[in-house]
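Enquirer: Numbers 24 to 350, taken from the numbering used here, label the letters of the sequence shown in order.
Among these hints, one or two may not hold up.
Said to hold, decoys possible - Straight line, CA to CA, 25 angstroms or less: simulated DSS-like cross-link-like pairs of lysine-lysine:
(1) Lys166 <-> Lys105
(2) Lys349 <-> Lys166
(3) Lys349 <-> Lys158
(4) Lys158 <-> Lys105
In case anyone wonders, no lab produced these hints; they're calculated from the structure.
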Amino acid sequence: MLPFLIAGLAAGAVLLIAVGISMSGSGGAVASRLDRYASKQSESDDDSTESGSAVVAGLSRVMDRQGFGERLGVELARADLKLRPAEYVLAWIASPFIFVGAGFLLSVVFPALGNPVALAVIGAIGAYFPRFYLKRRQAGRLKAFAEQLPDTIMLLANSLRAGSSFLQGIELVTREGRPPISEEFERVVREMQLGMALQPALQNLATRIDSEDLDLMVTAINIQSQVGGNLATVLDAIAHTIRERVRLLGEINTLTAMQRYSGYVITALPIGLAGLLFVISPTYILPMFERPPEAFGLPMGVIFFLIGLFSMAMGYFFIRRIVDIKV
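Could you put the whole structure together from the sequences, leaning on the hints where they help?
Expert: Put into structure tokens, the structure is as follows:
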């Protein structure tokens with residue numbers, strides 16, 4: 024009965040998220056769309072744009088009252104995920120059920136996956152996956168942006184020396200640059216075309232991209248716009264500083280690569296081996312979770328398993344702290 028209930032919940036979750044996203048794809052107020060994506064479409068009346076799923080709309084109101092929606096919206100913008108916060112939360116809720124349903128279906132081929140312990144582990148992985156995917160997208164986008172930023176600053180400086188305005192320099196970046204930096208500066212141009220001043224547009228850029236180097240550039244531009252000075256020379260100095268930081272960070276990453284990958288292997292090897300044994304020969308590993316003997320109301324195998332997980336987590340944490348050298 025339990026497997027059929029789990030499969031039914033998974034199917035219902037998939038249907039819910041599909042209907043919610045499909046109904047809300049064109050919804051949302053124009054103002055929120057402009058704030059997040061600086062849409063190319065011009066503004067229109069809010070009355071003609073408010074449509075979509077009642078579930079998504081209700082969840083959005085609850086999240087906005089708690090202040091969670093705005094913070095999550097910034098996180099989604101940093102990852103360049105074209106989802107509203109409520110849509111992402113619905114996907115997050117549905118994810119464990121989808122993973123458990125997939126595990127139940129795969130149990131036809133691998134019977135060990137139908138075990139309640141395995142389904143619980145799969146559900147935990149499903150609950151963590153949306154957050155993991157969001158952080159991976161943010162890290163990849165931030166890394167690509169940081170690599171392109173020094174060349175972009177030099178391009179802006181050369182454009183200013185050639186007699187162009189700063190806005191013309193940004194437009195040059197959108198034409199000559201590569202994503203993600205060209206996309207982000209294109210949003211700045213669109214916001215300014217819609218009437219936003221330069222400083223708020225650059226501040227929005229700094230909010231979307233969590234980068235100290237970008238904050239340095241934005242601060243220098245804002246100060247120059249208030250007190251004057253040779254902005255091209257300032258940008259040259261910033262570009263040189265960023266290049267040196269990137270070079271030094273690359274050297275540090277090279278010197279600490281072996282330690283970092285040792286941490287990955289030491290942490291993943293026991294977990295991977297246990298999972299492999301669970302799939303290949305469940306009768307070999309399942310007695311570890313059976314009673315008796317027991318302690319604290321749990322089988323001794325579970326106690327040792329939890330102690331091992333805690334020890335591996337602590338070891339991985341300490342390795343990460345040791346090799347995480349700030350530049």
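Enquirer: Determine for every hint whether it applies to the structure shown.
Expert: Against the structure, the hints come out as follows:
1. A distance of roughly 20 angstroms separates the Cα atoms of lysine 166 and lysine 105; the hinted pair therefore holds under the 25 angstroms criterion.
2. Annotation: proposed proximity of lysine 349 to lysine 166 holds, straight-line Cα distance about 15 angstroms (limit 25 angstroms).
3. Distance hint between lysine 349 and lysine 158 is fulfilled; the C-alpha atoms sit about 20 angstroms from each other, no more than 25 angstroms.
4. Restraint check for lysine 158 and lysine 105: satisfied, since their Cα atoms lie roughly 15 angstroms apart, inside the 25 angstroms limit.
Against the hints set out earlier in the document, no violation occurs for any number.
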